[in-house]
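Q: Sequence:
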Amino acid sequence: MHSAVLLIEFGSIILALGLLGRFAGRFRISPIPLYLLAGLAFGEGGLLPLGASEEFVATGAEIGVILLLLMLGLEYSASDLVSNLKAHYPAGLVDGALNALPGAVAALLLGWGPVAAVVLAGVTWISSSGVIAKVLGDLGRVGNRETPVILSVLVLEDLAMAVYLPIVTALVAGAGLAAGSLTLAIALGAAGLVLFLAVRYGRVISRFVSSDDPEKLLLVVLGLTILVAGVAQQLQVSAAVGAFLVGIALSGEAAEGAHTLLSPLRDLFAAIFFVFFGLHTDPASIPPVLLPALALAAVTAATKIATGYWAARRAGISVKGRWRAGGALVARGEFSIVIAGLAVTAGIEPSLGPLATAYVLILVVVGPLTARYTEPLALGWSRRRAARREPEQEPVERAEAPAQTSVGD
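Under the numbering used here, the residue at position 13 of the sequence shown is numbered 13, and the numbers go up by one with no gaps.
For the record, the hints were derived by calculation from the structure and aren't laboratory data.
There are no misleading hints in this set.
Restraint ranges, calculated between C-beta atoms of paired labels, are given here: (1) Leu369 <-> Tyr89: 28 to 34 Å; (2) Ser263 <-> Leu139: 18 to 24 Å; (3) Gly380 <-> Gly192: 43 to 49 Å; (4) Gly380 <-> Val163: 36 to 42 Å.
A virtual CB, placed ideally from N, CA and C, is assigned to each residue, including glycine.
Work the whole structure out from these sequences, hints included.
A: Next comes the structure, spelled out in structure tokens:
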């Protein structure tokens, strides 16, 4: 009987997610807010609380995080990461300073303590690579001059995750200074080792993993990723970091084949992850944190626009491209939820989960709008401002002209 209820509940979740994804696709919006809302509906205090399938959904959600980070790692080769670090690290520093600080300050002002401040700093810092990539494709901007700048900022954020996630994992686990330092040292050592091996022996690793048989390739890559993620978690390093490093280590045909085969699985389990996060958020807990979430969303939308504008100006992009780069970076999504999920699971601060949910819901909806309209609105405002100045200057010029003539005469 328990097995039948589990199948009915889990089947209903998958079907609902498919219908929500189709609805989002029809209106060209990100499905992430709809998945979060579905989780709120199925969780405690929602319309249809789950019972039998919650543990199964929790396992699926963990696999979803692992696949998200694996697919992210597959997007970049180790040499690309190294070159991006060298060329664009100032933009990454500006990005972190402008966007992590508002989250940390907000947590401290709300009285949540230093650990929650570190977590909320990550929530407000990391943009959504998935949402931004989709928006750039929908708007036909993939070939624009500012797009490499946007991607560079995203890559640097993803690299920062490899350092940030172990720190957060140690903090939320209540590890002391010595244990936290050891965890960070292990994570940095593992990341450095994987990058070295990927640059030096990437072809050998990819050749070992690669196979002409899609079934064998899928099993080897998926098995290796979950194994490494499990070992990383056993060492008190984030499983997501382990998956990200596996993705970086693979390149060439192996990476392309794995990306094609794993994309549907990633989409499935990532959707389950968003539902799982919503399950652990009581809908009644969102209204009390809605105003702080709106204020934080407004501040960090502005700081992301400033980040993109500065990075594009540094790269020599025109004013239009600078505004487009800034507007494109506003969306938050999957990784903000991943970071908040670590704190929610550890029970750090009861209001952190609802605040992160409301914050992501706001910016995942606003992000595509800022990507589309930041440039025309900014340029229109500049033209109106210039037009207001011209009439004020005309009388001054006319008054000065006779005076100059009389002096000359």
